[in-house]
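Undergrad: Put chain B on the given structure of chain A with help from the hints.
Protein chains: 2
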Amino acid sequence: MASGGPEIEQLIQLMARLPGFGPRSARRAVLQLIKKKEQLMIPLSAALDRAVVAVRTCEVCGNIDTASPCTICADPRRDSGILIVVEDVADLWALERAGVGQVKYHVLGGVLSPLDGVGPDDLTVDALVARAHEFREIVLAVNATVEGQTTAHYITDRLTGSGLKVTRLAHGVPVGGELDYLDEGTLSQALKARTEI
Amino acid sequence: MASGGPEIEQLIQLMARLPGFGPRSARRAVLQLIKKKEQLMIPLSAALDRAVVAVRTCEVCGNIDTASPCTICADPRRDSGILIVVEDVADLWALERAGVGQVKYHVLGGVLSPLDGVGPDDLTVDALVARAHEFREIVLAVNATVEGQTTAHYITDRLTGSGLKVTRLAHGVPVGGELDYLDEGTLSQALKARTEI
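Chains A and B supply the protein sequences, listed in that same order.
249 is the number of the first residue of the first sequence in this note's numbering; add one for each residue after it.
249 is the number of the first residue of the second sequence in this note's numbering; add one for each residue after it.
Derived from the structure by calculation, the hints contain no laboratory data.
A few of these clues could be false.
Since the list can't tell identical chains apart, any single copy or any two copies may satisfy a pair.
What the hints assert, rightly or not - List of simulated lysine to any residue pairs, SDA-like, C-alpha gap at most 20 Å:
{"no.": "1", "residue 1": "Lys284", "residue 2": "Ala315"}
{"no.": "2", "residue 1": "Lys413", "residue 2": "Arg379"}
{"no.": "3", "residue 1": "Lys285", "residue 2": "Thr404"}
{"no.": "4", "residue 1": "Lys285", "residue 2": "Ala322"}
{"no.": "5", "residue 1": "Lys284", "residue 2": "Ala302"}
{"no.": "6", "residue 1": "Lys284", "residue 2": "Thr314"}
{"no.": "7", "residue 1": "Lys285", "residue 2": "Gln258"}
{"no.": "8", "residue 1": "Lys284", "residue 2": "Ala294"}
{"no.": "9", "residue 1": "Lys440", "residue 2": "Val423"}
{"no.": "10", "residue 1": "Lys284", "residue 2": "Leu430"}
{"no.": "11", "residue 1": "Lys413", "residue 2": "Ala342"}
{"no.": "12", "residue 1": "Lys284", "residue 2": "Gln258"}
{"no.": "13", "residue 1": "Lys285", "residue 2": "Arg304"}
{"no.": "14", "residue 1": "Lys284", "residue 2": "Val366"}
{"no.": "15", "residue 1": "Lys284", "residue 2": "Asp297"}
{"no.": "16", "residue 1": "Lys283", "residue 2": "Ala264"}
{"no.": "17", "residue 1": "Lys413", "residue 2": "Val348"}
{"no.": "18", "residue 1": "Lys284", "residue 2": "Ser316"}
{"no.": "19", "residue 1": "Lys283", "residue 2": "Val300"}
{"no.": "20", "residue 1": "Lys284", "residue 2": "Glu335"}
Next up, chain A with everything else stripped away, as it sits in the complex (with noise of 0.2 Å):
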């Protein structure tokens, strides 16, 4: 296995951790990296080296950002009164690409799972109960999977007599989606909820 001295076999073995690389495919990526040397390898170092030391996580939300409290918890235009709250950061990510307005985020840092030993402590719930009272309405933008949904009602229960608006996002045909290809559920839900035209 040591083609290439240790140095480039422990890159290799580092690379392979990232989601979507395998043995293999960290390989291809650490050699385009050093053929790339220049234009891609030494920025790549430089930008992780200042990564590691800018990073940090809201103290607010819970997103991850390089200033705490993060670009979106400062940013004084985000007042609608909206508070969407996810699992995780990546969910907040897709969301802000999705340019959904200008709303606030409250990170969870995962879902309820019993099985997996993660109980409300393990999430920030507490916190979303103690800032929720900023908000007019809380968006619960948890996935669409049992653990999402338990989750989802466990907070409305916490959240109830708050007087908030609690809500949660439609369940539908996704944009661009072939009917044929979805499942019955998905349908079914998306036929109760239909709109007129």
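TA: This is chain B only, laid out in the frame that chain A set:
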């Protein structure tokens, strides 16, 4: 798009240029890196820094290593007299993983391709011809593509008269492969080159 500060965005853009990654998977990988800062991001950053300093191309064979001549060229046990000619460092590493024995290598750095403007001077053919006399057999392990075979013919021509034995890899059914999925060319070659059991 700026969900996480310029340092994070730049890291994502650089990761997206690795083979096997696109913008979406690079974002996922960067999130994973940030979440596993101690176990993954800091070690990867350090490994990249070390590799940037240490990695070089072997001046003898074209392999990528942290020494030049590389570990393979400097290995005194590799005295079988067999030189395997490959297109790319990735091919060299693949052959090493296959454990082909105590051989040496020569990396061409590509294949002849008039359409892409790649001529003999862009490859290390001259260096190959210069060192070929140190060996008793030259194995042309170029890819079984049109360009690969053209390159193999060109090299064979250049070595004509040197008295060297020039060979190529066998064509046939891949180990574990199903006949049904193989192309006709491979099947016909495999039948022609059949061996007695």
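Undergrad: Now look at each hint and say whether the structure bears it out.
TA: Verification of the hints:
no. : hint              : result
1   : Lys284 <-> Ala315 : between (32 Å within a copy, 18 Å between copies)
2   : Lys413 <-> Arg379 : within (14 Å within a copy, 78 Å between copies)
3   : Lys285 <-> Thr404 : neither (52 Å within a copy, 33 Å between copies)
4   : Lys285 <-> Ala322 : neither (38 Å within a copy, 24 Å between copies)
5   : Lys284 <-> Ala302 : between (26 Å within a copy, 15 Å between copies)
6   : Lys284 <-> Thr314 : between (28 Å within a copy, 16 Å between copies)
7   : Lys285 <-> Gln258 : both (17 Å within a copy, 17 Å between copies)
8   : Lys284 <-> Ala294 : both (14 Å within a copy, 19 Å between copies)
9   : Lys440 <-> Val423 : within (17 Å within a copy, 54 Å between copies)
10  : Lys284 <-> Leu430 : neither (43 Å within a copy, 35 Å between copies)
11  : Lys413 <-> Ala342 : neither (23 Å within a copy, 60 Å between copies)
12  : Lys284 <-> Gln258 : both (19 Å within a copy, 17 Å between copies)
13  : Lys285 <-> Arg304 : between (28 Å within a copy, 10 Å between copies)
14  : Lys284 <-> Val366 : between (43 Å within a copy, 19 Å between copies)
15  : Lys284 <-> Asp297 : both (19 Å within a copy, 15 Å between copies)
16  : Lys283 <-> Ala264 : both (18 Å within a copy, 16 Å between copies)
17  : Lys413 <-> Val348 : within (18 Å within a copy, 68 Å between copies)
18  : Lys284 <-> Ser316 : between (35 Å within a copy, 19 Å between copies)
19  : Lys283 <-> Val300 : between (25 Å within a copy, 11 Å between copies)
20  : Lys284 <-> Glu335 : between (37 Å within a copy, 17 Å between copies)
Hint violations for this structure: numbers 3, 4, 10 and 11, all remaining hints satisfied.
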